[in-house]
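Undergrad: Chain by chain, the residues run as shown.
Protein chains: 4
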Amino acid sequence: MATKARENHREDVAGRANVEDTPELLAYYDELERLEAGALWTVANKIEPWQPKSSSVPVLWRYEDLRAHVLRSVELVSPEKAGRRVIYLNNPGRREHAAAVGWLYSGLQVMHPGEVASAHAHSASALRFIMEGEGAYTIVDGHKMTLGANDFVLTPNGTWHEHGVSSDGTPCIWQDGLDIPLVNTLEANFYVVHPDLQQSVGYPVDDMTHTWGNPGLRPAGADWSKGYSPLLKYEWAPTYEALQRYAKATDGSPYDGVLMNYVNPVTGGPVMQTIGASMQMLRPGESTRAHRHTGSFIYQVAKGRGHSIIDGKRFDWKERDIFCVPSWAWHEHVNASASEDACLFTFNDLPVMHALGLYREEAFGDNGGRQPLVS
Amino acid sequence: MATKARENHREDVAGRANVEDTPELLAYYDELERLEAGALWTVANKIEPWQPKSSSVPVLWRYEDLRAHVLRSVELVSPEKAGRRVIYLNNPGRREHAAAVGWLYSGLQVMHPGEVASAHAHSASALRFIMEGEGAYTIVDGHKMTLGANDFVLTPNGTWHEHGVSSDGTPCIWQDGLDIPLVNTLEANFYVVHPDLQQSVGYPVDDMTHTWGNPGLRPAGADWSKGYSPLLKYEWAPTYEALQRYAKATDGSPYDGVLMNYVNPVTGGPVMQTIGASMQMLRPGESTRAHRHTGSFIYQVAKGRGHSIIDGKRFDWKERDIFCVPSWAWHEHVNASASEDACLFTFNDLPVMHALGLYREEAFGDNGGRQPLVS
Amino acid sequence: MATKARENHREDVAGRANVEDTPELLAYYDELERLEAGALWTVANKIEPWQPKSSSVPVLWRYEDLRAHVLRSVELVSPEKAGRRVIYLNNPGRREHAAAVGWLYSGLQVMHPGEVASAHAHSASALRFIMEGEGAYTIVDGHKMTLGANDFVLTPNGTWHEHGVSSDGTPCIWQDGLDIPLVNTLEANFYVVHPDLQQSVGYPVDDMTHTWGNPGLRPAGADWSKGYSPLLKYEWAPTYEALQRYAKATDGSPYDGVLMNYVNPVTGGPVMQTIGASMQMLRPGESTRAHRHTGSFIYQVAKGRGHSIIDGKRFDWKERDIFCVPSWAWHEHVNASASEDACLFTFNDLPVMHALGLYREEAFGDNGGRQPLVS
Amino acid sequence: MATKARENHREDVAGRANVEDTPELLAYYDELERLEAGALWTVANKIEPWQPKSSSVPVLWRYEDLRAHVLRSVELVSPEKAGRRVIYLNNPGRREHAAAVGWLYSGLQVMHPGEVASAHAHSASALRFIMEGEGAYTIVDGHKMTLGANDFVLTPNGTWHEHGVSSDGTPCIWQDGLDIPLVNTLEANFYVVHPDLQQSVGYPVDDMTHTWGNPGLRPAGADWSKGYSPLLKYEWAPTYEALQRYAKATDGSPYDGVLMNYVNPVTGGPVMQTIGASMQMLRPGESTRAHRHTGSFIYQVAKGRGHSIIDGKRFDWKERDIFCVPSWAWHEHVNASASEDACLFTFNDLPVMHALGLYREEAFGDNGGRQPLVS
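Residue numbers (the working numbering), protein chains in the order written: chain A, 1 to 375; chain B, 1 to 375; chain C, 1 to 375; chain D, 1 to 375.
If you're looking for bench data, these hints aren't it; they were derived computationally from the structure.
Pairs involving identical chains hold if they fit within one copy or between any two copies, as the list cannot separate such chains.
Here are the computed lysine to aspartate or glutamate pairs in the DMTMM-like style, where the Cα-Cα straight-line distance is at most 25 Å: (1) K46 <-> D311; (2) K81 <-> E36; (3) K303 <-> E36; (4) K53 <-> E36; (5) K81 <-> E11; (6) K53 <-> E96.
Only chain A is shown next, with the shape it has when bound in the complex:
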């Protein structure tokens, strides 16, 4: 009986599988297949790799390339039909998952003054990072937040949320970041449209910022035990000031310069259970050393210009550009200016890595910590 060709991942290393196909074994594999089973030694080396090999590739999306297309979507589709006018970032290695890198989704959304998106909730966790425009706002479970450039807002797992731009504003563009691919692949995503399509605002505007955004102070009696930060909005001005203050007290990280994590003020932990976010400042002339770690990262250039080297390839960036670093990819950053600092916003799946015990990190040891460029 003819048996079909099969995968067989052999390695000639002690402790690894190295079994040659024989007619008898191939027949045996056929029998196993009929029982919804297989022989581990044919796939063991594949499913137990020596180290992670990301299916994502490093990509830099230049804002000057994308911006016109984002704006054009306003002419092409109505918000009613499109739901949201978003151009999503599609990593060549992750197209089947519509992911920008790893299990993270990202897109650029545009909204015109007076427009309002319908309210919904989902198990995916989301954030927005404002790129340009005036008058943007987000409502999360009845809490309305006003937003300006480089502000960052959460719309966590399970919350009713909606976005809009006030009628006296200007066209606004922001970056969305979500864990939709992760939650889908974990087979745990639910989606609900708000029964009224819009929420009512039930609190003073920016109340959560006023309540939870005070350094070293917490409202007495204000309990919070949800899995995400009650400080739903992180504004740019205090963030940039924090970086400058922290820079006075630290030498910084050799890999990241002056790096601060956005945190849940109640726990000191990440802003959401599946997505972390940070802002880092590369000081004038700063050039970091390379390292790599598990976890997928999306960067947005909040300020300045420079370049990053990712797995030996150079990516030049300036304000508003977006790029990604796949899991276990070497990366280092360079501020191109000798007089101005540069700031990179990132969001990532580090909370997943930490919660599941999967974080690993390694420094690039050779060449003074700098990667040679790959041609």
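Fit chains B, C and D to the known structure of chain A by using the hints.
TA: The following block gives chains B, C and D in isolation, referenced to the frame of chain A:
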């Protein structure tokens, strides 16, 4: 200019995307693709489903079908070449991931008296559940544990581990359970072969059981802060006794009868960060109500016989059979005996669901909580 | 045989002890005493009171009374001989413990420009609240912090600490708060003089403020697992701003107006394991309702004037006055101004109450929540 | 003007107070006293001792001395009048607090078959350790537990609890342990008599033992977030077995032999928030080294005979004797038998020391770790 056909997932529901393809839009989509981007509204309804739809299907693997094949592997391949002689369970919907269900791997391994597998470590977390034979043992980071039928042992993320059967034992078969598919897809798996291929045993045999397996008592001064249970082995005799004792004190769960979780005695939490495990007892004649929840489950029948109904399909089982319940699949269990209890061992990814805030549960409300059978 | 008179706390209530002394019992009590024992029923009602009855009394210390005495200490004793020139607050009910209320110590310390106190460490936890003067500083484990009026600084359990006033400053007065009486009575106090009598400053001035005092942001990689807040200094300006911001988002507490707790930014919990601290704002014209709770409190008036009613007695206060509220004493606060807010700083032993499961609270139900004055 | 004599604790050590009384200062002290204040330097050295000095003294209470007196109380007072017939242990240094050592109370209670104590609740936490008799039981919040010799049961802070002996039992004697002195001195004690004087039993007998007393297993869905262990009873048989098992896996502590803590199975932490408990086994011939630590301890000899040396004084003990070790007192233990093990039950305030950051420990370094006897 000709544009290629594209996916476009439309829904005629307020708040959902419903944009018709036009030549202009198709050309626009081509331009976006060249920028490694896409229009969200073409895929939004796909990536934001109303509820999870598992790619796994319910499967029951009968031990009487598999056992002969497992034993035959001993004749077909040597341990040196195969690494381990394991027949893995291959869910028809998850073949590309070699998964038994969701992101969980499972296989049946056989080992003969005097055989020893080489020691290794990986980022995946693993467990074994002993199905038959005498003399099996596992060594984890120098702690040696002897194992008998229905014993359950951990070989967690990052630990050196190896299995063997003592030379005065009998051929042993056990079920392996791992999160290899999950750790691979999270791009965080590392694999290391022990430099000496074998560990030395550094502690009295079963020392962790003697140290941590005492109800309500904990060794003074014995700190433990690792992400997994120091009680690496969970023996059958005290487990079965625990179920009988707990049965005296509880009415049980309507969905699961008398269900106990194996826990980390230091925290009361799950045995490992990514895999939970439980043993449940269906009392004589017990027939549970259906429910569904996020998280993927693999069951092994530790004792007795009966059937389960999964998404409307009946699966009859007896001792040593294995079956799976995919995420968000309805399921209910029936003990076929009016006089004997039945016990089901399960392992699952509930710790992932809980750590990431993704656990959801729903009771089957109609028909007294019992699913109608689907023909 | 003559027996001595003994205490015997009888109550004629079911479930309470009510045993009459008899010659036979009195002889029995004598025998027990010789065995270092006693009969519980003679003291049961004493040691099991129906509710707490504080041995502290409410006291208000007027700054205008104390200030001259504090300043005079500079002429009377040298810092070398006195160690520190401090006038401590001595509650009439707690003189044997040198406590201001309950198990809390407080004192007013004065220091002249150029003076430096010697460095030491102790198991007691301490804080300072600056009342007047320029140029004060504190050094904690090598971290130097500059201090102005209404700033609040921690010198926690086990840290090396010292205070000084820079030579270009002015005479400074501050309030010290400590749990010395508690740690003494728990028989756990240790005291060490620094081997060099002074510490060296090992970090940039105010580095901990720059590092940890940023709302919603935390330095990446800066671990902190000690039992106290790394944000050792809480400055007045951001504190007052926080109260004003929070006031926009809250109706406030009926008992406390706009009340915020100083917290450990890493955990969201109290600043030290034994002492909590808060700042509260009574809005113009605000008059709170009375409540009582376990835990002892010391208040300092940071801003404004008004009065508090404590167990039916009125205490009028203005800026810099200090008063105490004993455990389980009814208390309510009134801002005397219709146009200005008033701010009260407090420190307390609430972390002890919470850690030991002893916090209880009760609202004053009668008379619209306002206590009748006791003449 | 005549001034009264005052305490003044001078030390001639740099960094310590050393101010001589002068007429001017004495007059100044009088003025301060009128303001409810004092000069710190007169008391600083007293309230900041170099190390703890316990007001408790080591005491051994011989059961052969106390037993007859305990039994005699049955003739002398009725349960109705006495509430409970208890002989409490009265440390000579702690008589004003009715404490056995530090802030811990202990007493020996007797109850005859058919007797029932009235149900009550209090903020103090309590435990009982059964010394002799058959048929004793305790009910805690409706959970009834049967008790035999060396069993240990909790009646935590805030729970309704009552004790009794079944009518077919024998006279029972047990040791009570409580933190009444601590909760009183923290001014946080509340006492309530049950409105019906007795509780109804609402669960199967020993249900909490059946539910929570299983090694490595926890009932699915059984939440517990209270501050004390749901495993209210700790039986002797599994405790002694645990010590024997653990002894196979450990060399033991040089200070305590084979020491296990009773724990809350949900958290791995202490059984109650204010009282910890342990059982330790001194192996045949074992003689431990001396150490000292903060925290007060009461020991009961559960098995065997031997002696302890406490602050240089020898205390010989045998089964049922009770002794105490004050805070920071040196102590070491000796098993007098070369063939039998000895077991010591202890309860203590270590959870208080740990929760408040006050635990300190020191080994006795001289003389091979053995204290010289003080004559």
